[in-house]
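J.: Please arrange chain B on chain S, whose structure you already have, making use of the hints.
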Amino acid sequence: MSSPEVRDVTLVEAVNMALAWEMGHDESVIVLGEDVATNGGVFRATVGLRDRFGYKRVLDTPLAETLIAGTAIGMATQGLKPVAEFQFMGFIYAGMEQIISHAARMRNRTRGRLHCPIVYRAPFGGGIHAPEHHSESTEALFAHIPGLRVVVPSSPQRAYGLLLAAIRNPDPVVFLEPKRIYRAVTHSVANNGEALPLDTCFTLREGDDVTLVTWGACVMETLQAADLLAEQGVSAEVIDVATVSPLDRETLLCSVAKTGRVVIVHEACRSGGVGAEIAASIAEGAFLDLQAPVVRVTGYDTIMPYYRNEQAYLPKVTDIVEAVEQVIAL
Amino acid sequence: MRKSQEFHVDSTRYLDELGKPLDDLPAQASDIERVVSAYRNMVLTRTFDAKAIALQRTGKCGTYPSVLGHEVIGTAIGQSLAPSDVFVPYYRDQAAHILRGVSLCELLLYWGGDERGSAWKHCPEDLPIAVPIATQCCHAVGVASAIRIRDEARAVVCCVGDGGTSKGDFLESINLAGAWHLPVVFVVINNQWAISTPRSVQSGADTLAQKAIGVGLPGHIVDGNDYFATIEALDTALERARGGKGGSIIEAVTYRLGDHTTADDATRYRTAEALKKAWEADGIKRLQNYLHQNGLWDANKEQALQAECKSTVDAAVEAYLATEPESPTAMLDYLFESVPASLQQQRERLAGKSDGGES
Chain S
1 MSSPEVRDVT
11 LVEAVNMALA
21 WEMGHDESVI
31 VLGEDVATNG
41 GVFRATVGLR
51 DRFGYKRVLD
61 TPLAETLIAG
71 TAIGMATQGL
81 KPVAEFQFMG
91 FIYAGMEQII
101 SHAARMRNRT
111 RGRLHCPIVY
121 RAPFGGGIHA
131 PEHHSESTEA
141 LFAHIPGLRV
151 VVPSSPQRAY
161 GLLLAAIRNP
171 DPVVFLEPKR
181 IYRAVTHSVA
191 NNGEALPLDT
201 CFTLREGDDV
211 TLVTWGACVM
221 ETLQAADLLA
231 EQGVSAEVID
241 VATVSPLDRE
251 TLLCSVAKTG
261 RVVIVHEACR
271 SGGVGAEIAA
281 SIAEGAFLDL
291 QAPVVRVTGY
301 DTIMPYYRNE
311 QAYLPKVTDI
321 VEAVEQVIAL
Chain B
1001 MRKSQEFHVD
1011 STRYLDELGK
1021 PLDDLPAQAS
1031 DIERVVSAYR
1041 NMVLTRTFDA
1051 KAIALQRTGK
1061 CGTYPSVLGH
1071 EVIGTAIGQS
1081 LAPSDVFVPY
1091 YRDQAAHILR
1101 GVSLCELLLY
1111 WGGDERGSAW
1121 KHCPEDLPIA
1131 VPIATQCCHA
1141 VGVASAIRIR
1151 DEARAVVCCV
1161 GDGGTSKGDF
1171 LESINLAGAW
1181 HLPVVFVVIN
1191 NQWAISTPRS
1201 VQSGADTLAQ
1211 KAIGVGLPGH
1221 IVDGNDYFAT
1231 IEALDTALER
1241 ARGGKGGSII
1251 EAVTYRLGDH
1261 TTADDATRYR
1271 TAEALKKAWE
1281 ADGIKRLQNY
1291 LHQNGLWDAN
1301 KEQALQAECK
1311 STVDAAVEAY
1321 LATEPESPTA
1331 MLDYLFESVP
1341 ASLQQQRERL
1351 AGKSDGGES
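Protein chains in written order, with the working numbering: chain S, 1 to 330; chain B, 1001 to 1359.
Accuracy of the hints is not assured; some may be wrong.
Computed footprint of chain B on chain S; a stretch qualifies when at least three of its residues, placed anywhere within it, have a C-beta under 8 angstroms from a C-beta of chain B [said to hold, decoys possible]:
hint, region
1, 102-111
2, 297-303
These stretches of chain S come out as covered by chain B in the derived footprint (C-beta under 8 angstroms, 3 or more residues) [said to hold, decoys possible]:
hint, region
3, 52-65
4, 243-252
Because the hints were derived from the structure by calculation, they are not lab data.
Glycine included, each C-beta is placed from N, C-alpha and C at the ideal position.
If we strip away everything but chain S, and leave its shape as in the complex, we get (with noise of 0.2 angstroms):
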């Protein structure tokens, strides 16, 4: 028997790689979106499934979010574990009454009787200068849903783990797939069906002076802050939330009591972003422990701009790097 162990794996791969093996392991799973099945989907996250496991497990679908939204509703009910894909998160909103009405309500509504064991999968975020309506990061607004979960990997590694708890959950997840590091970096994955655990924060690098907060793709110049900062002698944890609602305040908790500062990092716009959630929360559980205000390094309040524009919205080094500073001298 082969080792597990699948070198040069990009995230893109991981996400096939997890719901190749589920598949393979659990004949409840069924995959379904816009192009998924022939073409293998618009970034090939599906690529080969339809031959591996057949056109009724893997389902092209009529061009209509709500419909795609609403279909892995009924599946579910029947038992089904669908894996649903959006081909941008820029689409999902015509989905978004069917994942909050419905998806999200129906174990509580129906007290337990039915439940939604589904996978909604979106790549989201900029930085691939793709066209209007493919580069927004709204993870917020799933976030403030009771009865999702919003999962966000950050690598092949957690890419395949978390993707692999999200359809093993019983309940509905948002999986967004940061698309800036589909292929931006590539890692040996073990092959070997085991999953990460959800509602949990990765600390990714210790450290003592301060904490940065981050998620998706930022926590790549994330890293690559903290390696600068090292160099200036500046000590920085970093903490991939991962999932970011229902969210881990334990972990970030603890990191702050140790730290005293805080950095959080997001793509998305500032106002209401998760970012505001996690410093609230630092605010109500930590406030002692802070020795200087928490700040965050975010999108702006504004519509995404086209691609031209698009590196002067998103955070970078730079900026998180002069954040770290900025608390340090405090």
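T.: This is chain B only, laid out in the frame that chain S set:
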């Protein structure tokens, strides 16, 4: 110019408004026990409905949508569905729910503000009542997809109102049913009104059934106050669906005899004459007349049935009113399979409050 396609929509009616056959009746008419049992369910539904409205008017139930005028359609749906089929309702399907095994107490709990009203024990796969218009249509095609994926000889009935046919959810769902040959029967209950908006405003199409044609499904119109027309159409459509021959749309034409809900006042937008005319077509009276005319019913049986329905409803009301509210912690307990760590603190706060303690 050559004609490339031709379409038609059939329409069925067997009984006139006085219950007299207009034509040879379908095979369903010879199943006397089923016909009488349909009548009994219609009367029970109407008795329940009047009581639910009275409970709302006296502050003992929340906003409630009267089923008046829908009893025949719901009863036919309930009778035509097999226990292994799946029912995907909207919110005015009381007659069908009763036949599916939903208790009257559960219906009262739902409209009386208690989630346990949807924890149906006797039809565990049926979808709960859908309030957001037409959203249930997508669930129906999802259920039907699961049935097709597993090659099962089961089918789905999905109800939607005339207003609901204007929504994308309905149109996207019937489109999928046609494209994927799904075993789902959409029953468009055309009661002429979406709150105050008349049927004519919803669509320029002459019939709602013809929307089926554009998505590759057969469409059929029935007089929704004619039990025989409605049950025949449903039996046929469901048999077709279970046999792998695909879905269909039945437009069941009726009239909403009540207000939209207890929060509505229909006198603001419709005339007394129109309502009076609609009452003349009432399907329950029509079936009762038919039963009388054929020696299958009499005044004694009617009296006994009325008394039985009253006592059944009274018992349900008693059980409903005696049901204590759930613990407030239930609002978190059923959100996910288990309460996430991040919600434990909120749960403790609720538990403290429900015990009368300080948080």
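J.: Please list, smallest to largest, the hint numbers that this structure does not respect.
T.: 2
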